[in-house]
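Per our numbering, the sequence shown starts with residue 10, numbered consecutively.
Keep in mind that a hint or two might mislead.
Unchecked claim - Mimicking DSSO-like on lysine-lysine, the simulated pairs with C-alpha atoms at most 30 Å apart in a straight line are:
#  : residue 1 : residue 2
1  : K130      : K172
2  : K172      : K159
3  : K176      : K102
4  : K281      : K250
5  : K277      : K222
6  : K277      : K227
7  : K179      : K277
8  : K102      : K162
9  : K222      : K211
10 : K277      : K211
11 : K162      : K211
12 : K250      : K222
13 : K179      : K130
14 : K124      : K285
15 : K159      : K130
Unchecked claim - So the derived label-pair ranges between C-beta atoms look like this:
#  : residue 1 : residue 2 : range
16 : R80       : A108      : 39 to 47 Å
17 : E109      : G225      : 31 to 39 Å
18 : G123      : S196      : 32 to 40 Å
19 : E109      : L265      : 26 to 34 Å
Hints in this document: simulated from the structure, not taken from any laboratory.
In this text the structure is predicted, and so the values were computed from the model without any measurement.
We put the beta carbon where it would ideally sit given N, CA and C, even for glycine.
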Amino acid sequence: APLPPPAAMLAARGPALCSALRRAAPGGLASFHCSARRRRGARVAVVLSGCGVYDGTEIHEASAILVHLSRGGAEVQMYAPDVPQMHVVDHSKGQPAEAESRNVLVESARIARGKITSLAKLTTADHDAVIFPGGFGAAKNLSTFAVDGKDCKVNTEVERVLKDFHKAGKPIGLCCISPVLAAKVLSGAEVTVGHEEEEGGKWPYAGTAGAIKELGGKHCVKEVTISFPVNFHVETHVDTKNKVVTTPAFMCETELHNIFDGIGAMVKNVLKLTGK
10 APLPPPAAML
20 AARGPALCSA
30 LRRAAPGGLA
40 SFHCSARRRR
50 GARVAVVLSG
60 CGVYDGTEIH
70 EASAILVHLS
80 RGGAEVQMYA
90 PDVPQMHVVD
100 HSKGQPAEAE
110 SRNVLVESAR
120 IARGKITSLA
130 KLTTADHDAV
140 IFPGGFGAAK
150 NLSTFAVDGK
160 DCKVNTEVER
170 VLKDFHKAGK
180 PIGLCCISPV
190 LAAKVLSGAE
200 VTVGHEEEEG
210 GKWPYAGTAG
220 AIKELGGKHC
230 VKEVTISFPV
240 NFHVETHVDT
250 KNKVVTTPAF
260 MCETELHNIF
270 DGIGAMVKNV
280 LKLTGK
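All chains, full assembly: derive it from the sequences and hints.
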């Protein structure tokens, strides 16, 4: 026999139960067929610099950022500047491919699975935070740091985005080499690229810490991760005044899972600073 309609079922249970359920679900019984409405996640922009560690975005770092943002319930949109790459590197040889030229936006679309937007369209009105993965693209295509060091210039759109988010009081996340962008654009920003000494090759890019100081930033020594017999601690640095969150990532020669976890800590702190 067919079940009686919901209203009849409620009536049969007694007026008191009907009243209680109606107060709990003013939208009607149908509202009990789904869980509580999910709180809207933070809207996060991720700025890419190409595709491939030697001339663009470090792909593992970008992927880790996207995984952790997804896990954190964030809404993500990826951006890249519509400019030529500084050069193209044959990743199988680690050498420049002299006869080739590529576009940063077009190459970044590989990581974004085609869903990429020109950086010129990125505004603080549409996003609660912005994150920059590392890779040499940050030092070659988003800035000239790879060539000019402390005297580098930052892409005008990248500089605008950093200043706009900082002015709006919205968090900025950076990893690997990309903290140099914040050090250059945001005077006095506290960032980390790991250690300040190479330590037998564990920190091959330790000289970057000195350049950060010359750029006007404050460098804070941090690990990628620290493991203890009982506890596991992931290192990141949070500049609460400027809302800049950084982690060393591939500035350190370490296992991939340590990079992944360090980036996770960075993303978690960025999302926390959004208040969403």
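Here's how the hints hold up against the structure:
Only pairs whose Cα atoms come within 30 Å are accepted, and K130 paired with K172 is accepted, the gap being roughly 15 Å. A distance of roughly 19 Å separates the Cα atoms of K172 and K159; the hinted pair therefore holds under the 30 Å criterion. With a C-alpha separation of about 42 Å, the suggested pair K176 and K102 falls outside the 30 Å cut-off, and the hint is violated. For a cut-off of 30 Å, the pair hint linking K281 to K250 stands: about 14 Å separates their Cα positions.
Between the alpha carbons of K277 and K222 the distance comes to roughly 26 Å, so the proposed pair stays at or under 30 Å and holds. A C-alpha spacing of about 22 Å is found between K277 and K227, which places the hinted pair at or below 30 Å, so the restraint holds. Pair hint K179 plus K277 holds up; C-alpha atoms about 14 Å apart against a cutoff of 30 Å. Among the hinted pairs, K102 with K162 is consistent with the structure: their alpha-carbon atoms are about 28 Å apart, no more than 30 Å.
Annotation: proposed proximity of K222 to K211 holds, straight-line Cα distance about 21 Å (limit 30 Å). A hinted pair counts as satisfied when its Cα atoms are at most 30 Å apart, and K277 with K211 qualifies at roughly 26 Å. Annotation: proposed proximity of K162 to K211 holds, straight-line Cα distance about 29 Å (limit 30 Å). Of the supplied pair hints, the one linking K250 and K222 holds, its CA atoms being roughly 18 Å apart against a limit of 30 Å.
Between K179 and K130 the alpha-carbon distance is near 17 Å, which keeps this suggested pair within the 30 Å criterion. Between K124 and K285, the direct Cα distance comes to roughly 24 Å. Compliance with the 30 Å bound is thereby established for this hinted pair. Between K159 and K130 the CA atoms are separated by roughly 28 Å; this keeps the pair inside 30 Å, and the hint holds. With their beta carbons about 42 Å apart, R80 and A108 fall inside the hinted range of 39 to 47 Å.
Range check, E109 to G225: Cβ separation about 35 Å, and the 31 to 39 Å hint holds. Remark: the range hint 32 to 40 Å for G123 to S196 is upheld by a beta-carbon distance near 37 Å. With their beta carbons about 28 Å apart, E109 and L265 fall inside the hinted range of 26 to 34 Å.
Hint 3 from the list above is the single one not met by this structure.
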